[in-house]
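Numbering-wise, the working numbering puts 137 at position 137 of the sequence shown, and it's gapless, one number per residue.
Treat the hints with caution; some may be incorrect.
[Unchecked claim] So the derived label-pair ranges between C-beta atoms look like this:
{"hint": "1", "residue 1": "GLU166", "residue 2": "THR58", "range": "14 to 24 Å"}
{"hint": "2", "residue 1": "LYS216", "residue 2": "LYS23", "range": "37 to 47 Å"}
{"hint": "3", "residue 1": "LYS130", "residue 2": "ARG102", "range": "38 to 48 Å"}
{"hint": "4", "residue 1": "LYS95", "residue 2": "LYS23", "range": "33 to 43 Å"}
{"hint": "5", "residue 1": "GLU208", "residue 2": "ASN185", "range": "43 to 53 Å"}
{"hint": "6", "residue 1": "ILE141", "residue 2": "PHE219", "range": "17 to 27 Å"}
Quick caveat, the hints were computed from the structure, so don't treat them as lab data. Every residue gets a Cβ at the ideal spot worked out from N, C-alpha and C, and that includes glycine.
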Amino acid sequence: MRKKYIILLIILFQSIVYCNSNKLINLGLHSMKKDESAIGAEIMGGFDYVLNNDNFNTYVMYFKVYENPENSYGVEYIKNYDNKDEVLKFFLSKKIEEYYSREYIPLKNGEKFLYGKLVWDNLKFKNSTKLELYYINKDNIEIKKVYFFDKITPSSLYNKFDYFEEEGYYPISTINEEFTIFTENKIIHKKSPYLLSYEKKFVEKIFELFKDEIPKEYFEYREKGEFVTQFEKEQDKNNEKRKKLETKIENIQIN
1 MRKKYIILLI ILFQSIVYCN SNKLINLGLH SMKKDESAIG AEIMGGFDYV LNNDNFNTYV
61 MYFKVYENPE NSYGVEYIKN YDNKDEVLKF FLSKKIEEYY SREYIPLKNG EKFLYGKLVW
121 DNLKFKNSTK LELYYINKDN IEIKKVYFFD KITPSSLYNK FDYFEEEGYY PISTINEEFT
181 IFTENKIIHK KSPYLLSYEK KFVEKIFELF KDEIPKEYFE YREKGEFVTQ FEKEQDKNNE
241 KRKKLETKIE NIQIN
């Protein structure tokens, strides 16, 4: 009887440890108004995520801009926003591409642009970068345009993502542009204004390299509608944790 009791205690302890290790924390990298809690974020901009995960040396970046910023969180895509297993299931399944396909921006040629996807895997693509652009053509059929380039995304930029040691989430406002980035050890899902300084440099470098292939309308829409309040901008500017992280990672030298 005593042996069974001990076994039950061990199982209970392991369950508690697992539950705690599986629960994501609020990283505190962005400050919303006091009355805008995590629950409120579910009907606003949702959540940004930084997750630790082994992605097997494949680097991927999804990018999307919305015609209407309010549509950037038009569906409930993760029910338990602080459960790591459930969040990972979303990012590591076809749901991520379904999510990016649900809205479009109209193009002047009559097509509709859904989203872009960059993949750089030296083993598969022999030191080249693959760019995939997803559209709905004039016949209302989804098509994919694929390009291969000898342009290599600088490792000095994307390798810095892995130096962010914490993982978790934080609630955000509704924004018209978002990214999901997979590095060797990280998954980063963020709306554009909440990118850290080194993340912004990475994204701008990507757009500089591939601006001729990405529809011009994408860049026109990304300049439109930003629902970030002055309160949020000031809070982020004075966020000590955010400033320390940016300074620390910016100063890392990578060859």
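LYS130 and ARG102, beta-carbon distance inside 38 to 48 Å? With Cβ atoms ~23 Å apart, the hint is violated.
Outcome for the supplied range 33 to 43 Å, where the beta carbon pair is LYS95 and LYS23: 21 Å, violated
So the hint says 17 to 27 Å: do the beta-carbon atoms of ILE141 and PHE219 match that? Hint holds: Cβ distance 25 Å, inside 17 to 27 Å.
Within 14 to 24 Å or not, the Cβ separation of GLU166 and THR58? 23 Å, holds
If you check the beta carbons of GLU208 and ASN185, does the distance land in 43 to 53 Å? 25 Å, violated
Given the range 37 to 47 Å, decide if the beta-carbon distance of LYS216 to LYS23 lies inside it. 43 Å, holds
In the structure shown, a violation is registered for the earlier hints numbered 3, 4 and 5, in ascending order.
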